[in-house]
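Novice: Note that full-length UniProt numbering numbers the sequence shown so that position 439 is 439, with each residue one more than the last.
Among the hints, erroneous ones may be present.
Said to hold, decoys possible - Calculated lysine-lysine pairs in the BS3-like style (CA-CA distance at most 25 Å, straight line):
hint	residue 1	residue 2
1	K434	K454
2	K434	K298
3	K212	K298
Stated by the list, open to error - Derived Cβ-Cβ restraints for the label pairs, each shown as a range:
hint	residue 1	residue 2	range
4	S39	E360	46 to 52 Å
5	R440	R389	14 to 20 Å
6	T458	S39	25 to 31 Å
7	W384	N49	35 to 41 Å
8	E360	H79	17 to 23 Å
Simulated from the structure, these hints should not be mistaken for laboratory data. Cβ coordinates follow ideal geometry from the N, Cα and C atoms, glycine included.
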Amino acid sequence: MLLFRGFPFVFPLLLPISFQHSPAVQLCPKTRRYGQIQSPKCTGAVDPNLKPRVRLEKWFTRELWENLFPVSNQGWGEHPCMPYSFDAFIIAARYFPEFGATPNPSQSVRRITYNASEIQRRDVAAFFAHVLAESGQNNLRLFNSSSSKLSPRVASECFYRGAFYHFFEGGPRSPLFPGRSDGKTFKDGDRCVEAGRYCKRTPELDFWYPCKERAESANTSAFGGCYFGRGPLQLSWNYNYGQFRHFLRTEGVEVDLLQQPNQLLTRLDPPLAMLSALWFYNTPQPPKPSMHEWVPSKRNRRIGYEGSVFGPTNLVINNECNGEDENVHNFFPGPGGENRRIKAFKWFCAKLGVTTGPEETLSCKGMAEGFGPGQRLLSWQPDWANMWRRKPCDCVPASFAGVLPYFDPKHHPSRRWAKENERNRLRCVYSIYKKPELYRMNSDNSPCLGYTVKIKLTRSGTDRR
């Protein structure tokens with residue numbers, strides 16, 4: 001959460017007492033299970049790329065995972081062949097070695113200094129807090145003393161252990177499914193009613209991330225191109241599925257999530273559901289930074305919003321800046337939105353043995369300014385100033401948002417984004433030659449179309465990874 005670029009850093013392994021199993025967990029009531037448990041002969045999460053181990057693995061253990069998320073996977077808990085397994089989490093983290101890692105031995109925020117180990121654990125706590133808000137069980141009935149008979153403290157322990165519960169937006173019996181679903185199989189997510197399509201269309205989006213149009217059956221009210229929320233952070237909309245597909249292709253993983261979006265949950269080689277969540281958490285969408293890393297403005301820095309603080313992540317993920325509900329007491333989580341994200345962050349920080357930091361920085365409501373475009377360059381667009389020249393067409397960064405993001409090094413300093421910038425420039429050039437009418441270009445107003453590029457371009461930029 002809001003970290004910086006990484007290089008190998010060795011830190012002492014400190015396992016605070018909060019890592020141990022809490023006695024209160026034994027008092028949690030049985031959770032309702034949906035779906036079916038996988039066969040013992042099933043194949044679990046694997047990584048076809050065999051990514052190397054990351055620093056997160058030095059301290060985050062299977063025991064800790066099972067202790068924090070006992071009702072994951074729609075109530076079944078840890079299982080190697082389910083989307084939300086410990087192995088899936090570790091494999092996904094290997095694709096983002098910067099997650100839960102920092103190059104800095106220490107970092108100061110409002111006179112509070114965090115060492116590398118603390119920053120790493122705060123990053124993981126932030127991710128888990130957002131997962132709880134997006135796909136957690138969020139069972140408020142635990143606090144009903146007449147039915148659950150749990151003390152507020154025990155109910156709280158059970159409540160915050162409800163992350164990684166839901167697979168689909170709306171739950172296992174989502175109203176976005178056609179007809180009545182019993183939540184028994186992942187196939188329930190293959191089709192949806194029109195409200196679950198989440199298909200945004202523009203000429204550019206139709207070119208890059210086209211929605212699947214064909215209905216899946218004779219019943220034309222059932223659609224197959226369904227981009228409703230799936231996974232730990234509920235990846236939604238065709239353009240997000242398309243961008244995630246592009247990321248996978250750059251990693252040598254071919255899967256057409258625009259034609260088969262439900263593979264986000266069913267494919268485990270690599271585990272796409274968990275990968276989608278860490279991709280969304282770690283990837284900026286200009287002008288927004290990622291939840292993992294940001295560069296604060298001078299105005300925000302002056303009032304303490306810099307470094308490892310939680311508040312800006314709420315603005316990034318859902319534009320929720322209402323703060324924590326001060327009227328909620330005695331362990332009750334209160335209403336959803338930023339309030340519950342903050343309370344979840346506090347809980348996970350306690351379990352991982354780190355402090356939450358200054359109270360005023362836990363919410364984004366006190367930020368001096370958001371992530372507006374300002375005077376920034378945001379996307380790759382045709383280089384109109386040079387279309388008349390007798391040379392191949394090219395693309396340059398532009399000051400308005402577009403389908404192909406430009407990652408300004410001043411705001412997105414990671415080397416990962418410098419590499420992605422060159423790839424997106426080539427993708428932009430590819431689109432010019434493949435479909436010049438997207439930009440109202442023709443041989444009369446753009447003579448550069450008559451000059452071909454010397455390298456082979458593809459939808460991914462080039463075939464080189």
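Novice: Decide, hint by hint, whether the structure agrees.
Specialist: Verification of the supplied hints:
1. K434 to K454: Measuring from Cα to Cα gives roughly 15 Å; hence the hint holds.
2. K434 to K298: violated, 42 Å
3. K212 to K298: violated, 44 Å
4. S39 to E360: 46 to 52 Å: holds, 51 Å
5. R440 to R389: 14 to 20 Å: holds, 18 Å
6. T458 to S39: 25 to 31 Å: violated, 39 Å
7. W384 to N49: 35 to 41 Å: holds, 39 Å
8. E360 to H79: 17 to 23 Å: Distance hint for E360, H79 is violated at roughly 41 Å.
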